[in-house]
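*Asks:* Chains A and B, in that order, give the protein sequences. According to the working numbering, the first sequence is numbered sequentially starting from 103. According to the working numbering, the second sequence is numbered sequentially starting from 267.
No wet-lab data here; the hints were simulated from the structure. Treat the hints with care, since some could be wrong.
[Claimed, not checked] Think about it this way: if two alpha-carbon atoms lie no more than 30 Å apart in a straight line, the pair counts; the simulated DSSO-like pairs of lysine-lysine are:
(1) B/Lys323 / A/Lys109
(2) B/Lys323 / A/Lys204
(3) A/Lys109 / B/Lys317
(4) B/Lys302 / B/Lys336
[Unchecked claim] A few chain B residues that don't get close to chain A, going by computed Cβ distances all over 12 Å:
(5) Gln280
(6) Thr286
(7) Thr343
(8) Asp349
(9) Pro358
[To be verified] Facing chain A, from chain B, some residues (calculated, C-beta under 7 Å):
(10) Tyr276
(11) Tyr288
(12) Thr293
(13) Ser296
(14) Gln299
(15) Pro309
(16) Gln314
(17) Gln346
(18) Gln375
(19) Gly376
Predicted, not measured: the structure shown is a model, and the values here were computed from it. Glycine residues also receive a C-beta, built at the ideal position from the N, C-alpha and C atoms.
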Amino acid sequence: SAVISQKPSRDICQRGTSLTIQCQVDSQVTMMFWYRQQPGQSLTLIATANQGSEATYESGFVIDKFPISRPNLTFSTLTVSNMSPEDSSIYLCSLRTEVFGKLFFGSGTQLSVL
Amino acid sequence: GQQVMQIPQYQHVQEGEDFTTYCNSSTTLSNIQWYKQRPGGHPVFLIQLVKSGEVKKQKRLTFQFGEAKKNSSLHITATQTTDVGTYFCAGPFDPNAGGTSYGKLTFGQGTILTVHP
């Protein structure tokens with residue numbers, strides 16, 4: 103199984119600022135994803151991070167708000183831009199090694215926006 | 267839209283009692299996966315079922331996948347305090363059955379299990 107390092111683990115941010123979350127994997131993987139988990143809720147897919155091209159966003163999520171980079175097969179970042187209290191959530195990077203296979207998750211970033 | 271529903275939302279049991287959570291999809295799934303998230307932790311993969319009617323066991327946990335590949339259940343026998351957490355089902359919708367989110371996992375809402383010692 104892959105080892106995923108996600109940071110920061112938590113942050114408290116001011117309204118209007120931006121936060122970049124990093125996800126590093128110890129091996130090359132094709133499929134990387136970013137999920138959001140609002141307090142007490144399920145996991146919602148934000149986007150698929152594509153290596154060398156623009157991310158594929160799910161309905162309700164846009165690139166201007168959640169820009170994603172994936173410069174290579176082991177690293178990705180998610181930025182939460184112009185934050186508001188509604189963005190307070192846990193953000194999780196994840197990866198999959200097979201198209202219909204299981205997901206591995208990073209430890210998550212707990213974001214609180216004041 | 268394509269949805270995965272999970273019930274109950276919460277379950278409180280005494281240690282030693284059994285627990286079951288149910289998962290229902292609006293569309294046929296290619297497979298069903300189950301994850302456990304401990305309080306303060308991240309989701310961890312438990313198991314994947316692929317075949318219609320499949321049943322798998324992991325010690326005290328029994329997983330079933332329905333004949334129509336649209337529902338699933340997780341049953342825990344004689345719960346222990348270590349079973350505490352949220353259990354999620356998730357599945358990729360079958361593109362051959364009209365699923366439009368190819369390969370993407372859609373998660374159920376989860377069942378929060380608390381176990382009283």
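*Asks:* None of the hints should be skipped; say for each whether it holds.
*Replies:* We went through each hint and held it up to the structure:
no.	hint	verdict
1	B/Lys323 / A/Lys109	violated (35 Å)
2	B/Lys323 / A/Lys204	holds (17 Å)
3	A/Lys109 / B/Lys317	violated (37 Å)
4	B/Lys302 / B/Lys336	holds (20 Å)
5	Gln280	holds (23 Å)
6	Thr286	holds (19 Å)
7	Thr343	holds (24 Å)
8	Asp349	holds (19 Å)
9	Pro358	violated (5 Å)
10	Tyr276	violated (10 Å)
11	Tyr288	violated (15 Å)
12	Thr293	violated (15 Å)
13	Ser296	holds (5 Å)
14	Gln299	holds (6 Å)
15	Pro309	holds (5 Å)
16	Gln314	holds (6 Å)
17	Gln346	violated (23 Å)
18	Gln375	holds (5 Å)
19	Gly376	holds (5 Å)
In the structure shown, a violation is registered for the earlier hints numbered 1, 3, 9, 10, 11, 12, 17, in ascending order.
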